[in-house]
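2 protein chains.
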Amino acid sequence: MPVYTVSHVQNVRVCVVMVGLPARGKSLLAQKIVRYLSWLSIKAKCFNVGTYRRQTASQPDASFFDVENPEGLAVRVEAVNKAVADMMSWYGDEAGVVGILDATNSTRVRRAWILKLLRENRIEPLFLESWCDDSELIMNNILDVKTTSPDYAGKAPDFAVSDFLARIANYEKVYETLDMETDKDLTFIKLINVNAQIIINKIETYLESRIVYYVMNLHIKPRAIWLSRHGESMYNVSGQIGGNADLSPQGWAYAKKLPQIVADSVGPGELTVWTSTLNRTQQTASNLPFKKLQWKALDELDAGACDGLTYQQIAEDFPEDFKARDDDKYEYRYPGGESYRDVVIRLEPIIMELEKNENILIVTHQAVLRCIYAYFMNIPQEQSPWMDIPLHTLIKLEPRAFGTMVEKIKANIPAVSTYKEKGTFELGVDDAKVNDVKNIITRA
Amino acid sequence: MPVYTVSHVQNVRVCVVMVGLPARGKSLLAQKIVRYLSWLSIKAKCFNVGTYRRQTASQPDASFFDVENPEGLAVRVEAVNKAVADMMSWYGDEAGVVGILDATNSTRVRRAWILKLLRENRIEPLFLESWCDDSELIMNNILDVKTTSPDYAGKAPDFAVSDFLARIANYEKVYETLDMETDKDLTFIKLINVNAQIIINKIETYLESRIVYYVMNLHIKPRAIWLSRHGESMYNVSGQIGGNADLSPQGWAYAKKLPQIVADSVGPGELTVWTSTLNRTQQTASNLPFKKLQWKALDELDAGACDGLTYQQIAEDFPEDFKARDDDKYEYRYPGGESYRDVVIRLEPIIMELEKNENILIVTHQAVLRCIYAYFMNIPQEQSPWMDIPLHTLIKLEPRAFGTMVEKIKANIPAVSTYKEKGTFELGVDDAKVNDVKNIITRA
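Top to bottom, those sequences are chains A and B. So for the first sequence, the working numbering puts the first residue at -11; every next one is plus one. So for the second sequence, the working numbering puts the first residue at -11; every next one is plus one.
Derived from the structure by calculation, the hints contain no laboratory data. In this text, all values refer to a predicted model and were calculated from it rather than measured experimentally. Heads up, the beta-carbon is just placed ideally off N, CA and C, and yes, glycines get one too. The reader is advised that the hints may include incorrect statements.
Claimed, not checked - Keeping only pairs whose Cα atoms sit at most 30 Å apart, straight-line, the calculated BS3-like set for lysine-lysine is:
#, chain 1, residue 1, chain 2, residue 2
1, A, Lys280, A, Lys398
2, B, Lys70, B, Lys31
3, B, Lys70, A, Lys410
4, B, Lys344, A, Lys31
5, A, Lys284, B, Lys33
6, A, Lys33, B, Lys280
Stated by the list, open to error - Only some residues are given here: those of chain B computed to face chain A with a beta carbon under 8 Å:
#, residue
7, Arg96
8, Ile130
9, Asn232
10, Arg334
11, Ile338
12, Ile339
Pulled out of the complex, with its shape left as it was, chain A reads as follows (with noise of 0.2 Å):
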């Protein structure tokens, strides 16, 4: 019995349709909109022109872009041609809600042709540029798409820069920017050196402002996010999930090495400390320094009629539950209880609060960790309940442009395993999987 979004009702599919030159931040912006998407269980895709390109030219210099090169302009044309045939066909076979055409659309021709198409296939056009006349934001594009284009993968760092420059010069000759005069009829945003000045025009339905309030509220300063679960809890000694129980002793000396460790990942610097409004979050943070802020959104997924329970008696109370449950975790909810797409949904203020904000450690629960953290790091729906997030362990998430570092340090306490695998209703008396892991840096 899912919980449907509005946006699962409306039948509405929109395209969102890039604009901008080169450098400025489009396919950041549309990785970040279909991560969001995704993870909110709306069917996001993006289709990357450069990429269908680099099929037939891998890596072309800059002379390729200069609009009265024809061969380069029959190559671009027919890339942009496939990535929109293939995105249609993606809306068709596969039920599609929101595809983002990522590609520079610089011109109002190009874009005519793309609207055109659009409404004929009942499809809403939403116009995205990204608009830059900052230097210094450009040249940390530049450099970012210097280390990770394949267009420049072993070249010289130098000629990457100057080549680059010199596209950059080619689609400035031909580029026409949205104008609230010109544009007034497309649905758009235009956003200016990333959220200094926004433009909105004409935005009407309820998919298209999910999509601009997201993008207003992503900011890109450097920053991480610290995320830990409570402290060993008595419940997780006896093995029972949910309730409200005090720490164990070893989730008290969790809380009490907490403060150091926090230190030496932060620093110097303030932290905010979001926690849930149960006991075991709270006694886990109850000596960090820090100003302390509870979210009921951060509890832990409501168990329903199996809270307090533990797994072996639920495979025996409820046979039934336990096995659809194991079927598909993240859709299974308990008997009066959350599934993961529940808690999800009752997230996603969080997730906006965590892209806006700085220097936010949160401490809350296993679940709730678990769809975190699949959001950061784009972990699927599927697998995201199964993960591995083990107690008296600090995460450091860094989004970077191109994903999130993840930095995991170990408290060496011990502490019971929490971890069930599908199948079983047995946990690990120690978390050996996990508890070998010392620094361990990953990127998604």
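Since chain A is already given, all that's left is putting chain B on it; use the hints.
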């Protein structure tokens, strides 16, 4: 143990400085923002300069507003000074968070003066301009003002319209709109013809972005929202709270009659029906021939450890909780469950959807319905948990410029009362207090 939201912790105070010619819907916007923030427990208040001016000049004609009329100018400057002084006292004495200065604030000189004052007092200025050149919109606003403003009470309608147009013309002489270039250092939102175009400039804090998102979602198309509790449930009959009971025979009778009652009220149009995930709302909606949407956020207030008990049992088993709840029903949280404040926080996205959508019928639960009703009817939080929302009654809300019209349509199917008065644990056997209600039109 209150659940804080970020706005309570950031210690940010914001002043929304309205900007715009008369008849641009500024006061309506200001009132809606106050209502929305108050509902979210963010202390907000509107300071309307016109109200202060009327203390000296109650019904001046258009010439009073001519910038070359020194006497009029003196009175108007005095009024704005008083309004601003009162607002500043309110920030200090009453710990105000969002003040709204509702005036035309039409010149850069005036805005610079306010800006300086706010900065000196460490209050973040957020300018909110309503700019409009759609003559139909303006004329609608003029007709609204003509019928609702004390400035024209008792005056001939024709005089009111022509005098008001002359007043607007006087403001137009000096009006300076917010400009993306000239005013680029200000934090502002500029609404162009309601929300056809929106310019957002330098929005930085969380609280500002919440106000912006809310304002973005407002529309002014006339519409209605229908609300109903589920039909009487088996738990209602036995006096138990919470749970996931089925409808009683009388509840099923309501479910059977509901399609006709709805059809009579809605007419030939289409609706979308929103229910909670619980059996009793879905059974109540089961005969409605419309698209249906389940929202976890519409589930009843979670009674935690008291789920399934009667009020008498709660009074016996949890005497302290029973008393605590009666003492502060809005803040009281059931052990392991929710408070009304928790429900409001999870309902916030629902309110946003309701502001954006049209033709919605919500079938939900007593506490949830109280919270939704409180938002639209601007009912203070200490009162909202005590409102009597009877079973077997369809409520039609019509948000208008200066309030919400309410119609209560009784199904004339008997039901137990689920209304518990403060200090008692008994429920009336019949909803006598409300079942004598026929069709009431109330203006909030």
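We went through each hint and held it up to the structure:
1. A distance of roughly 23 Å separates the Cα atoms of Lys280 of chain A and Lys398 of chain A; the hinted pair therefore holds under the 30 Å criterion.
2. Pair hint Lys70 of chain B plus Lys31 of chain B holds up; C-alpha atoms about 21 Å apart against a cutoff of 30 Å.
3. For the hint linking Lys70 of chain B to Lys410 of chain A, the alpha-carbon distance of about 68 Å lies beyond 30 Å, and the restraint is violated.
4. Distance hint between Lys344 of chain B and Lys31 of chain A is fulfilled; the C-alpha atoms sit about 22 Å from each other, no more than 30 Å.
5. At roughly 27 Å between alpha-carbon atoms, Lys284 of chain A and Lys33 of chain B fall within 30 Å of each other, so this suggested pair holds.
6. As the CA atoms of Lys33 of chain A and Lys280 of chain B are separated by approximately 27 Å, the hinted pair is consistent with the 30 Å bound.
7. Hint on Arg96 of chain B is violated. Least Cβ distance to chain A is approximately 18 Å, over the 8 Å limit.
8. Hint status for Ile130 of chain B: violated, given a least beta-carbon distance of 25 Å to chain A, over 8 Å.
9. Nearest Cβ of chain A to the Cβ of Asn232 of chain B: about 6 Å, under the 8 Å cut. The hint holds.
10. Among the interface hints, the one on Arg334 of chain B holds; its C-beta lies about 6 Å from the nearest C-beta in chain A, closer than the 8 Å criterion.
11. Against a cut-off of 8 Å between C-beta atoms, the interface hint on Ile338 of chain B is violated, since the closest Cβ of chain A lies about 10 Å away.
12. Below 8 Å, beta-carbon pairs count as interface contacts, and Ile339 of chain B has none with chain A, the closest being about 13 Å; its hint is therefore violated.
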